[in-house]
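So the chains spell out like this:
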Amino acid sequence: MAGENYIKARNHAFLKEHIVTDTSYGLSRGVYDGYDDTWDLTKFKKQFHIEIIRHNKREMEFDMIGADPAIANCFRRIILSEVPSMAIEKVLLYNNTSIIQDEVLAHRLGLIPLKADPRLFEYRQEGDAAGTEQDTLEFDLKLKCSWNPKRLLESSDPDEMYINHKVYSSHIKWIPMGTQRDMYRSCDVGPVHDDILLAKLRPGHELDMKLHAVKGIGRDHAKFSPVGTAFYRLLPKIEIRQPIEGEMAERFQKCFSPGVIKLVNIKGKSVAVVNDARYDSCSRNVLRYEDLAETVTLGRVKDHFIFTIESIGALPPADIFIESAKVLIGKCRKFLGEINKGIK
Amino acid sequence: MNAPPTFESFVLFDGEKKVTMELDTKVPNAALFTINKDDHTLGNMIRMQLLKDPHVLFAGYKQAHPLEHKIILRVQTTADYSPQDAVKNSITDLISELSLLEERFREAVREKMDD
Chain W
1 MAGENYIKAR NHAFLKEHIV TDTSYGLSRG VYDGYDDTWD LTKFKKQFHI EIIRHNKREM
61 EFDMIGADPA IANCFRRIIL SEVPSMAIEK VLLYNNTSII QDEVLAHRLG LIPLKADPRL
121 FEYRQEGDAA GTEQDTLEFD LKLKCSWNPK RLLESSDPDE MYINHKVYSS HIKWIPMGTQ
181 RDMYRSCDVG PVHDDILLAK LRPGHELDMK LHAVKGIGRD HAKFSPVGTA FYRLLPKIEI
241 RQPIEGEMAE RFQKCFSPGV IKLVNIKGKS VAVVNDARYD SCSRNVLRYE DLAETVTLGR
301 VKDHFIFTIE SIGALPPADI FIESAKVLIG KCRKFLGEIN KGIK
Chain H
1 MNAPPTFESF VLFDGEKKVT MELDTKVPNA ALFTINKDDH TLGNMIRMQL LKDPHVLFAG
61 YKQAHPLEHK IILRVQTTAD YSPQDAVKNS ITDLISELSL LEERFREAVR EKMDD
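Those protein sequence lines, which keep their order, are chains W and H.
Just so you know, we're using our numbering here: the first sequence kicks off at 1 and counts up by one.
Just so you know, we're using our numbering here: the second sequence kicks off at 1 and counts up by one.
FYI, nobody ran anything at the bench for these hints, they're computed from the structure.
Errors might be hidden in some of the hints.
[Stated by the list, open to error] Simulated restraints, written as ranges between beta carbons of each label pair:
(1) H:Gln63 / W:Asp159: 46 to 56 Å
(2) W:Ala130 / H:Ala3: 37 to 47 Å
(3) H:Tyr81 / W:Lys46: 19 to 29 Å
(4) W:Gln47 / H:Gly60: 51 to 61 Å
(5) H:Ile72 / W:Pro243: 47 to 57 Å
(6) W:Cys187 / H:Leu32: 36 to 46 Å
(7) W:Glu59 / H:Leu100: 20 to 30 Å
(8) W:Asp159 / H:Glu111: 47 to 57 Å
(9) W:Lys46 / H:Glu111: 31 to 41 Å
(10) H:Pro66 / W:Lys144: 46 to 56 Å
(11) W:Ala130 / H:Ile72: 26 to 36 Å
(12) W:Val273 / H:Arg106: 34 to 44 Å
Glycine included, each C-beta is placed from N, C-alpha and C at the ideal position.
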């Protein structure tokens, strides 16, 4: 049946020297005779699965196999911009005699990642200037730089001459509001990193400010994005069409990223064999050599996504993905509700 | 200086409806949905799911201008099926697809923790 060969090909995009072919996905309905592309939940359940390769507190790499590219992209967009997190939004300055301008310092404070779990807080209501304990975290930053009385008069090392001359994120102290004292501990809501340099002071300079942190999403300001980055790539595919031996095999191995091609000894000759195409960077370097270019077909599997999520620290990456799924389902439900309400 | 506030890309104005529909007069069974304060995140997904429905003849979306936060979704269906039903069914399918995805992910995480 003509559909069969096309089914195999439709899952792969081919990387040629100057172009990438067969990149569209899912537009085959009615084009290939006998192949039915209608969506069916049971069919989807059978072909879809997730494999987690690496998972720790900050970073996660997992494979999504059988999903549509539109869904993978949706997840990536939602993780970057619509999963909420907490960040400092309002800075109430009582005293700033340092040389860092107020707005520059406030901007830097906003970008500090906070450990607070955004799922425990609500969004701040419009027009509410003070904030309640359900939606705000209050911090305090008070520092005064002075001469070190014990310094040697000849030294020019700032660490020795001054006390408190570098303002770090560890100087931000949490002030619990109301019942927050019983609900959270100071180590759960402070900055993720203690060693972020915010400002430098000299003797006589003083900083005195109150910071309010609220919940927001990345669409509003990038400081609210819960990830450093989240991206996906497609699984590369290398198909060796003719046997490659000897010196050609060694050259072939060098064309790909290390670990992708291995040389096995068959009947005394070293033959190139694909070890693991996953970590290839798809540089298509092999197509530069005319004799090697005709031995190999390079491509990518169109529905195998290798996702990488690098969390900032507030939420573990697995939770970020689960939150993004909830946000996406919420959006769809809201949209469905609006359509059901009756559109004119 | 002239930058509009960032929250305007996802917060509806007062009195603005999320979805409005217009029937397309030029061809039968076609409708134009204008979805306010949304972008490619939702548009591409709904369009993709609509294309998988065999009764949908045409499905496409566009964001007419990147500074105007709305998308226009055009759907044309076969004679016995209305565009609204097509969109409703697609979103229902999407919700079940995403719920399954979430569940499979949770299982995979649990398995990985148990290892």
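Original post:
Failing hints, ascending?
Top reply: Of the numbered hints, 2, 4, 6, 9 and 11 do not hold.
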